[in-house]
Amino acid sequence: MDDLLADFIAETREMLEASGGEIVAWEADPDDRARIDAIFRFVHTVKGNCGFFDFPRLAALSHAAEDALADCRAGRREPNRALVSAVLAIIDRIAAMVDAIEAGEDFPEADDAALIAALDAAPEAADAAANPRHPPASVLVERGEDGGGWATRRSDSFSAQRTIRLPVELLDRVMSGVSDMVLARNDLAHRLRQAGNQPTIDGPFERLSAILAGVRDAITRMRMQRIETLFGALPRLVRDLSAELGKQVMVDLDGGDVELDREMIETIRDPLTHLIRNAIDHGIEAPAARLAAGKREIGLLAIAARQSGNTIAIVIRDDGRGLDEERIAAKAIATGLITPAERAAMSRDKLVNLIFEPGFSTAEAVSAVSGRGVGLDVVRQNLEKVGGSIKVSSVPGEGTQFTLQIPLTLSIIAGLTVEVGTQRFAIPQGYIEEIVQASPAALELTRMGESALITFRGKRIRCLMLAEVLGIAGSDAHGDLTLVLLRLASGDLFALVVERIHSHGDLVVKPLAPAVMKSGLYAGSTLLDDGQPVLLLDVTNIAALHELVADGRSRVLERQDEDAAGPLAAAPRAMLFTDFAGRRMAVRLELVQRIETAVAAAIDRSAPRPRVVIDGRILPLVGLPDTPLIADKLRLLRLGDGTCELLYAVRTVEDAVELTEALVAVPEDPLIEAMTLVGGQPVALIDAHELFARHGEAPLPAHRPRCALPDSDWARTILAPLVTAAGYDIVACDSTESDVVTILPEDVFEAAAALGRMPAGPVIRLRDHPDAGGSKDTIYRYDRDGLLAALAAARQGRLAGGLRP
Amino acid sequence: MSELLVIIQIAGRRCALTAHDVKSVIEIGAITPVPRAPDFIAGITALRSQTLTVIDCRRALGFGAQDAPTDGRAAVVASGGHSYALLVDAIEDITTATGAAGQVPGGFGPEWSRVARGMIETMAGPALLIDLAALIAGPEAARAESEAAA
Chain Z
1 MDDLLADFIA
11 ETREMLEASG
21 GEIVAWEADP
31 DDRARIDAIF
41 RFVHTVKGNC
51 GFFDFPRLAA
61 LSHAAEDALA
71 DCRAGRREPN
81 RALVSAVLAI
91 IDRIAAMVDA
101 IEAGEDFPEA
111 DDAALIAALD
121 AAPEAADAAA
131 NPRHPPASVL
141 VERGEDGGGW
151 ATRRSDSFSA
161 QRTIRLPVEL
171 LDRVMSGVSD
181 MVLARNDLAH
191 RLRQAGNQPT
201 IDGPFERLSA
211 ILAGVRDAIT
221 RMRMQRIETL
231 FGALPRLVRD
241 LSAELGKQVM
251 VDLDGGDVEL
261 DREMIETIRD
271 PLTHLIRNAI
281 DHGIEAPAAR
291 LAAGKREIGL
301 LAIAARQSGN
311 TIAIVIRDDG
321 RGLDEERIAA
331 KAIATGLITP
341 AERAAMSRDK
351 LVNLIFEPGF
361 STAEAVSAVS
371 GRGVGLDVVR
381 QNLEKVGGSI
391 KVSSVPGEGT
401 QFTLQIPLTL
411 SIIAGLTVEV
421 GTQRFAIPQG
431 YIEEIVQASP
441 AALELTRMGE
451 SALITFRGKR
461 IRCLMLAEVL
471 GIAGSDAHGD
481 LTLVLLRLAS
491 GDLFALVVER
501 IHSHGDLVVK
511 PLAPAVMKSG
521 LYAGSTLLDD
531 GQPVLLLDVT
541 NIAALHELVA
551 DGRSRVLERQ
561 DEDAAGPLAA
571 APRAMLFTDF
581 AGRRMAVRLE
591 LVQRIETAVA
601 AAIDRSAPRP
611 RVVIDGRILP
621 LVGLPDTPLI
631 ADKLRLLRLG
641 DGTCELLYAV
651 RTVEDAVELT
661 EALVAVPEDP
671 LIEAMTLVGG
681 QPVALIDAHE
691 LFARHGEAPL
701 PAHRPRCALP
711 DSDWARTILA
721 PLVTAAGYDI
731 VACDSTESDV
741 VTILPEDVFE
751 AAAALGRMPA
761 GPVIRLRDHP
771 DAGGSKDTIY
781 RYDRDGLLAA
791 LAAARQGRLA
801 GGLRP
Chain V
806 MSELLVIIQI
816 AGRRCALTAH
826 DVKSVIEIGA
836 ITPVPRAPDF
846 IAGITALRSQ
856 TLTVIDCRRA
866 LGFGAQDAPT
876 DGRAAVVASG
886 GHSYALLVDA
896 IEDITTATGA
906 AGQVPGGFGP
916 EWSRVARGMI
926 ETMAGPALLI
936 DLAALIAGPE
946 AARAESEAAA
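For the record, the sequence lines run as chains Z and V. Note that my numbering has the first sequence beginning at 1, numbered continuously upward. Note that my numbering has the second sequence beginning at 806, numbered continuously upward.
Excised from the complex, chain Z in its bound form (with noise of 0.2 Å):
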């Protein structure tokens, strides 16, 4: 809280600072629109920080400030003197407050109602020519105080700072200098060893090279930062934040140990919380309306950070509402930043990019949050500032995920060395999700025409080939696999396979020059420590340039990746696999349950149908080859369609695809719905509502016939199993409903009918002699087919009174 109070105290003036000038300007001026906008900027900041800590009356002050001067912008109010000198009265109050704030002590009881009334008041009093509450503005910068009578303790605190200020570059020559020490001390080291021990030199030798590891590693710690430093305030601004506006936000972190210049940090610093309170201000919906959307009630906010060489990515991430397109387009036609023509050619990706346009904004309320859509300007006119950039992308309904991409003038970055070919390249470290050594087959690792992907941990993943990607030879591949797995910062994993890995390290990175950047492989270079130089690989962009990414849709976590391969995906997807017959055949994922690995023993093939045994079910099994299995163990798909569920035996699975080709339909063959191309190869699809009808088995009925047994052991234990087999449930014997079967002894179904007590629904009489005798509607209690015929036609009505008497 004392790092972030000191934070902000140190900004607000450093602020205050920088619009002296203005302040002067504007007051020379008040017409000046850039003037106007400074201030604005300047009010709008204030405001937002004062929203996390509790800072009513400062909030107060500004927020009176900043609608103000927004009439002004919008040209909804002429600014004159009076009004300058009103704004110029809260600035004052601001920086006063400021002062007291770091002092610790409580600024004193003034009236902040009256110099808020002074901004209302101002048109009034338009014509008023001098102020008489205030001098002017130069007067008020410069000396700190104003007619209210209460001094600034300005002077006092800034006595009290413990940090100076330098210039980066200074730093950078240090810095530079400091590596250039070490080489040459290297160099020394080389020829010391050459010269042979010589006692006398070696002692401050080895001095030497301790003082320089040490002052080497203050230089580095100079200069860089983690990340952590700015994301360690987030958690509590986005809890603050939306508690504040009723919502309920998660945030994911990722990345805090990347590391960066202080200065970057400082710059991306108010860009960072102006795009978090975007997000849950607009973009997650309160929780009722998430809810109603299908969405889980917490809205997720991720945040990651990925180092790639001299740039570092930081992705933003909301799953709310997405933004709106059409409105954007209106707005943006509205203020004529656009015409309807360019609206007309304009792919939704251009469009809400138009966000970052100065003066747009699409949220009608104002609130004391976000505010008036001077966040999205700024943020990128400070982000290019320092040559970086930002980018967004929105699915309506998912999400918006904002890209700014920083770039660094000068690294240091963990790294892995692996090699190729005879050559070594750098990988980032912040990539790296796994370093995987195993055989191909342990990986099935499959060639999917031009691409390779292997399965790891039960998923499927691309996977390049380094030394494919580079285009150099590589050595022949033999033995065990050596993959890296990357993770990109939008979520997406692949693999890349290398020939060996050589060492974890921090790493120098230095930029490259533009005719090597163009190839678009590398991000930048180092240097190891034997001094030779290494080229650093661009993760992102091989990905890119391999259209590994799924840009626009792209993932920051897992849980999204599920989501978005439900439903939204357009193209039918198809479960690839060869069958016995060597043919490739698809069928469609949705009806795939899941695949099954059977022992042939399972399997039994006696029956007309094959049937096979999975999880303790009998299910009919298609597919099989005529010739016997040689294999032990089979592959099955499992296929259901709802209600009933069969096997399809396959050789080999290959993948689930989406089909994105065109379905050309094959009338000739019935359980064909389709052949279509799949990578260029031809690939039948299975007609799956053939399939069921010709070997699904009949899904059981909700409600079992029941049927009543006689109160005897032999019924228990010799009747009751057969019946149970026919699809009976056994029920009490004096069960006087209609539509149970009774099963009764021929003397027990005399005596009932003596008695008039007849059960109600269809009764079999069992007699215990093979012969009939005398009475011809008896059935002989080990006639199993009798008993069977007489169970099935009672279960389709059909023994109704038929063996009544």
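Worth flagging that the hints you see were computed from the coordinates, not collected in a lab. The model shown is predicted, which means the values in this text are computed figures rather than measured ones. Yeah, the Cβ is synthetic: ideal placement off N, Cα and C, and Gly gets one too. Each hint can be trusted.
Quick partial rundown of chain Z residues pointing at chain V, CB under 10 Å, derived from the structure: (1) 179; (2) 180; (3) 184; (4) 421; (5) 471; (6) 512; (7) 513; (8) 518; (9) 520; (10) 522; (11) 525; (12) 531.
Take the given structure of chain Z and dock chain V to it, following the hints.
For chain V alone, kept in the frame of chain Z given last:
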């Protein structure tokens, strides 16, 4: 006009670089190749803590690779905030210009015209004054320009 010039040989021709552009002359050590980079980029090499992009000047002019003898030295130059090592046939001398750069009737030929600022008279005889930025941009840039112009 007493501008200092570094006289070098590229593809058997005598050329001049303004001495102001040349930071140093180094013995070129191991060059790390850069896969998939244009072929006039021989690779990168380290000079103390700096990384230099090594430009093969013959290829940068658009000539094919010939196994021409080189003296193993390279001129280190800076352009656009980056440092380059120019791999040339030979580095001959440092001398002073005795006149301003001028054109010769009939030009220097297509490859040379792109990188030539003109002919310059020096104490050591005439030389072709090289436009460093054009040399470093490589033959592709020239092609792209002519296509854009067409």
